[in-house]
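Asks: Chains as they are written, first to last, in my numbering: chain A, 1 to 307; chain B, 1 to 282.
Check before you lean on any hint, since a few could be wrong.
Claimed, not checked - A few chain A residues that face chain B, going by a derived Cβ cut-off under 7 Å, partial list only:
1. Val46
2. Ala49
3. Gly55
4. Leu60
5. Asp82
6. Asn91
7. Lys92
8. Thr256
9. Tyr260
10. Asp293
11. His296
Claimed, not checked - Derived pair list, reagent style BS3-like, types lysine-lysine, alpha-carbon separation capped at 27 Å:
12. A:Lys273 <-> A:Lys220
13. A:Lys220 <-> A:Lys7
14. A:Lys92 <-> B:Lys138
15. B:Lys247 <-> B:Lys89
16. B:Lys138 <-> A:Lys37
17. B:Lys138 <-> A:Lys7
18. A:Lys92 <-> B:Lys247
19. A:Lys92 <-> B:Lys141
Derived from the structure by calculation, the hints contain no laboratory data. Predicted model only: the values in this text are computed from it and were never measured. All C-beta atoms in this analysis are idealised placements derived from N, C-alpha and C, irrespective of residue type, glycine included.
Chain residues, written in single-letter form:
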Amino acid sequence: MREGFGKAMAELGQNIPEVVALTADLGESTRLSNFNKNFPERFFEVGVAEQNLIGIATGLALEGFIPFATSYATFLPGRCLDQIRISVCYNKANVKLVGSHGGLTTGPDGATHQMLEDIAIMRSLPNMAVVVPADEKQAYEATLALAHRKGPAYLRLSRERVKSIKRNSNFEFGKIEIITGGDDVAIFCCGTMVGEALTASNYLRREGINCAVINVHTIKPLDVEGVVRTARYVRGVVTAEDGQYRGGLGGAIAETLARYHPVPIRYIGMDDKFGESGQPQELMKKYKMTYLDIMHTALNVFRRTND
Amino acid sequence: MDTSSPTKKLAHHAYEIRKAILEMTTIAGSGHLGGSLSSVDILTTLFFYVLNYSENPLQTIDNDRFILSCGHICPALYATLAETGYLKKEELLTLRQLNSRLQGHPSHTDLPIVETSSGSLGQGLSVALGKALALRLKREKGRVYCFMSDGEQEEGSVWEAAMAASHYCVNNLIAIVDRNNLQISGATENVIGLAPLGEKYRAFGWRVIEADGHNFASLINAFKEAREVKQRPSVIIAKTVLGKGVKSIENNYRWHGKVFNRQELKEALNDLGTKGTARSEK
Numbered sequence: 001m002r003e004g005f006g007k008a009m010a011e012l013g014q015n016i017p018e019v020v021a022l023t024a025d026l027g028e029s030t031r032l033s034n035f036n037k038n039f040p041e042r043f044f045e046v047g048v049a050e051q052n053l054i055g056i057a058t059g060l061a062l063e064g065f066i067p068f069a070t071s072y073a074t075f076l077p078g079r080c081l082d083q084i085r086i087s088v089c090y091n092k093a094n095v096k097l098v099g100s101h102g103g104l105t106t107g108p109d110g111a112t113h114q115m116l117e118d119i120a121i122m123r124s125l126p127n128m129a130v131v132v133p134a135d136e137k138q139a140y141e142a143t144l145a146l147a148h149r150k151g152p153a154y155l156r157l158s159r160e161r162v163k164s165i166k167r168n169s170n171f172e173f174g175k176i177e178i179i180t181g182g183d184d185v186a187i188f189c190c191g192t193m194v195g196e197a198l199t200a201s202n203y204l205r206r207e208g209i210n211c212a213v214i215n216v217h218t219i220k221p222l223d224v225e226g227v228v229r230t231a232r233y234v235r236g237v238v239t240a241e242d243g244q245y246r247g248g249l250g251g252a253i254a255e256t257l258a259r260y261h262p263v264p265i266r267y268i269g270m271d272d273k274f275g276e277s278g279q280p281q282e283l284m285k286k287y288k289m290t291y292l293d294i295m296h297t298a299l300n301v302f303r304r305t306n307d
Numbered sequence: 001m002d003t004s005s006p007t008k009k010l011a012h013h014a015y016e017i018r019k020a021i022l023e024m025t026t027i028a029g030s031g032h033l034g035g036s037l038s039s040v041d042i043l044t045t046l047f048f049y050v051l052n053y054s055e056n057p058l059q060t061i062d063n064d065r066f067i068l069s070c071g072h073i074c075p076a077l078y079a080t081l082a083e084t085g086y087l088k089k090e091e092l093l094t095l096r097q098l099n100s101r102l103q104g105h106p107s108h109t110d111l112p113i114v115e116t117s118s119g120s121l122g123q124g125l126s127v128a129l130g131k132a133l134a135l136r137l138k139r140e141k142g143r144v145y146c147f148m149s150d151g152e153q154e155e156g157s158v159w160e161a162a163m164a165a166s167h168y169c170v171n172n173l174i175a176i177v178d179r180n181n182l183q184i185s186g187a188t189e190n191v192i193g194l195a196p197l198g199e200k201y202r203a204f205g206w207r208v209i210e211a212d213g214h215n216f217a218s219l220i221n222a223f224k225e226a227r228e229v230k231q232r233p234s235v236i237i238a239k240t241v242l243g244k245g246v247k248s249i250e251n252n253y254r255w256h257g258k259v260f261n262r263q264e265l266k267e268a269l270n271d272l273g274t275k276g277t278a279r280s281e282k
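With the rest of the complex left out, here is chain A (with noise of 0.2 Å):
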């Protein structure tokens, strides 16, 4: 995933002459290394100083230029949100924030580097946009839009290379993506869940069961009109996101189901705990968040019955 950003702000550099990159002293971990040798002067370290880093970025993005500010999601945004809030966010600075290694997914690091709030945190900030990429192809598209969108955006990627995901149509921002259709169950997911979402979809489906799978890259601004669309086909809903549900992605979509179409909705992600060590399936597996967890809620959502 980090490699799609990488490529995409190797392009950027060459394109748009205001697109500049920092780093608090995870350039390479972010892939920006062919950025930083093909424009040294565009490229900033600071140093591990991610309240810095938020700063220098504001500064430049109020003086014309398109600034991506890269660290790991659990500095970025976890060290400096009141930079974020107030420099960024109350200016509206046309910033962009990459927060890498977001997730459960970062594995061996432990508790301290797997980020799970950030979704939740960026969501509620005023004039930010937040979006959680796919795969490698989507963070690649993702990241080309967020430089040609003014505003403050959020970009999570997650530290591990996932499959890429079949798809008919490019990363449009602010809008729902149908991986597959459904009329029984609808799976709204996000990042590395997607694929564990279709993996669940293509089981269920042998047993009847249609399940919808719903990308939701873009986590806000919330396409309200797609989602609600969805859920008026389908008997239940199951969000599915690397992170904690509540707040997260699971908050936005039951938010918005709760105030245009009340349906039956369950939640796979962090259930207000924080992660461990240990490779990333053994932690999907432990904390409820593999294909086969979506499978078995999903078809209690569609049975009606509690787990």
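Could you slot chain B onto chain A? The hints should help.
Replies: Leaving out everything else, chain B in the frame of chain A:
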């Protein structure tokens, strides 16, 4: 009033700005009087002597930029902008009211003449550094001036910015610290010791210039020296008096976040008028 010499002219502006601060905060019924008054002579020197700007002080090629990092003293900035003519004086009386552009802490989106929103301390120096780097990239000649309070120096993020500014050798960044020695809870040195503040900046690679923050000649010299610094950022530590100009509240930390009522305002304005403000000797 005789305003023939430059410093006399500055003293006249400073008097008008202090008067406006007192009036607007009394009408608003809240605000931060102490730091607003201690900053006036520095802001006056900047806006009427140092800053290079034309039609609009913002966003014009080669203009200087001014960042107010300690947003709580914005009555001083608003009053200064009114004195320069960029705001109408009547608008000052809308401070802190519903639908006013003059928010209790400055808002860039409401009042774009303010370069960045501030109010949470310790963010301005980073934004100023970003602007300094941006001006360098754009090959613009303007400088970025960043005004901070002394209590603000307790924020760790100030030192993140200080470290990066000298690393990037930005000689187009000039910081000013309003060293009035007081903060909400009392003397800075009792709350959490800042001294030796100049030594700290020096150790971070900055040129440190000390000035008397109520003496225009001293301030003018300090800014002149700062503009000549090569290859590194500079900071002017300006010694000031909290509440400067109104004897009854000078050096009293309890006036950090208080304003006068209408009765007290009369006395304060009298005090201001009889005593004058900054010393204007050469």
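Asks: Evaluate each hint against the coordinates.
Replies: Cross-check of the supplied hints:
1. Val46: 5 Å, holds
2. Ala49: Holds. Min distance 4 Å.
3. Gly55: 2 Å, holds
4. Leu60: 5 Å, holds
5. Asp82: 5 Å, holds
6. Asn91: Holds, about 5 Å.
7. Lys92: Holds, because the Cβ-Cβ distance from Lys92 of chain A to chain B comes to roughly 6 Å (cut-off 7 Å).
8. Thr256: 27 Å, violated
9. Tyr260: 30 Å, violated
10. Asp293: Nearest chain B Cβ about 41 Å off; hint violated.
11. His296: It is violated, given that the least Cβ distance between His296 of chain A and chain B is near 45 Å, above 7 Å.
12. A:Lys273 <-> A:Lys220: Holds, at about 24 Å.
13. A:Lys220 <-> A:Lys7: 24 Å, holds
14. A:Lys92 <-> B:Lys138: 22 Å, holds
15. B:Lys247 <-> B:Lys89: 25 Å, holds
16. B:Lys138 <-> A:Lys37: Roughly 20 Å between the alpha carbons, so the hint for Lys138 of chain B and Lys37 of chain A holds.
17. B:Lys138 <-> A:Lys7: 25 Å, holds
18. A:Lys92 <-> B:Lys247: Violated, because 41 Å separates the two Cα atoms, which is more than 27 Å.
19. A:Lys92 <-> B:Lys141: Measuring from Cα to Cα gives roughly 26 Å; hence the hint holds.
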